[in-house]
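Engineer: Sequence:
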Amino acid sequence: MTIIKRGFAALAAGVLSTALAMPAFAEPAKFDFWFGLSGDLARVVDTLCKNFNASQQDYEVVCTSQGNYDATLQNTIAAFRAGKQPAVVQVYDVGTATMMLSGAYKPADKLMEENGYKIDYADYFPGIARYYATSKGEMLSFPFNSSTPLMYWNKDAFAKIGKNEAPKTWEDVGADLKALKDAGYECPMAINISANESWQLMEQFSALHNQPIATKNNGYDGLDARLEVNKTKFVQYVTDLKKWYDAGLIKIKSKDLGQDMVQAFATGTCQVILTSVGDHGTVGRTQKEGMNWDVAELPVYAGTERKNSLVGGASLWVLSGKSDAEYKGAAAFLNFIHDPKTALFWSTNTGYIPVTKSGFDYMKGQGFYDKAPYKGREVAIASLTASEPTEITRGIRLGNFTQIRAEFGTQMQAIFANKVSVQEGLDTLVKNGDAILDRFQQTYPGKTLP
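Residue numbers (the numbering used here): -8 to 441.
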């Protein structure tokens, strides 16, 4: 063998021995994340997941939309029973009580601590954190997609009645709607009275006026909480809405009727709506060309000391029964989502608001709120932080609340169809809602909320 051949042979042997000695690259630890968003929002979540996977090599999150919030919760329950639950799941706000009582989760704050992540939970806006925290302030899940409702108003229409700002009280709303009607606007204001509008109409109104929806501080202090919206300021509110509807100052708009509220406002058909800050981007993209509009905090009755509005949306829960590797991946994922840079990506692409003060400050520093299409979304933060949360305005912790929302829609439709009076409809809402709460309490005998 020549010297060259011997050299190549030695080199080949060395390369082979080195290759055998080197450890193989480990596959990233995979874990599942189930969520309830669909359409454009689902595509944003998919991008968020890809961004996380590209940011490191140790973990791979597999993100799967379940279509909607209800399906996500029900599919998770079924999967948990079969031992096939995801590591992380998105659960909507009103599913919080069910999750807390299930015992099927690993507390998010403990998960992060065990994996070496230091999270400043005081950084979360109080109105968001306390909705999802225990009565002791422990964070069992991580706030994720968050929103609150605003008043959207057509500045051009209001200019025609001599107004250059949105009404701040419901008394002013009534006067402005009449003025708009007299000025020739067929639809001064649009509302929807379906189950989902409980969030805007009943829950937010009650919070802003520091009025309880239920006893026991809206359920935080016990499963024996019962509804009481039939004897609060909410009765006056529904009475006024119905009066304005009868006078032609309010129109009901929904997809079932051919045009929803957001479409009605964006096209200039209706001049005022109450809807989520999450619809801000949709209005901006679909508005009638040249239309001038803005957003404001929801009105309150004159003489009211305004309180914080409630957060809507969902939080991320880490489920029990998963491997250490999956928990490490879940912790890394939650830490990634908590990063202010992720907050900027998330809000830019969805319309949801940042859930932390540092995320909000970072976005302001980047000029996010300085100009269209994002200018105005900061009003949602002002609404959520209008006061320190009271025992009533920290949130709602009632079981099977989606069923109560459905009952709300049924009774509101009966009221607006003149089948029952306002008081009769709200009395029935309370009666039927309490039956729902009774059944929920019986499902968890002897249990208390954490």
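Hints are supplied without guarantee of correctness; some may be wrong.
[To be verified] Each pair of labels, with its calculated beta carbon distance range:
(1) Arg72 to Asp215: 26 to 34 Å
(2) Asp114 to Gln227: 45 to 53 Å
(3) Ser314 to Arg72: 37 to 45 Å
(4) Glu104 to Thr230: 29 to 37 Å
(5) Thr277 to Lys422: 37 to 45 Å
(6) Pro441 to Gln65: 42 to 50 Å
(7) Glu105 to Lys362: 17 to 25 Å
(8) Gly30 to Thr258: 14 to 22 Å
[Unchecked claim] SDA-like mimics (lysine to any residue), calculated; alpha carbons at most 25 Å apart, straight line:
(9) Lys313 to Asp114
(10) Lys127 to Leu92
(11) Lys101 to Glu415
Derived from the structure by calculation, the hints contain no laboratory data.
In this text, a Cβ means the ideal position worked out from N, Cα and C, and glycines have one as well.
Engineer: Report the numbers of all earlier hints that the structure fails to satisfy, in ascending order.
Structural biologist: 2, 3, 4, 6, 7, 9, 11
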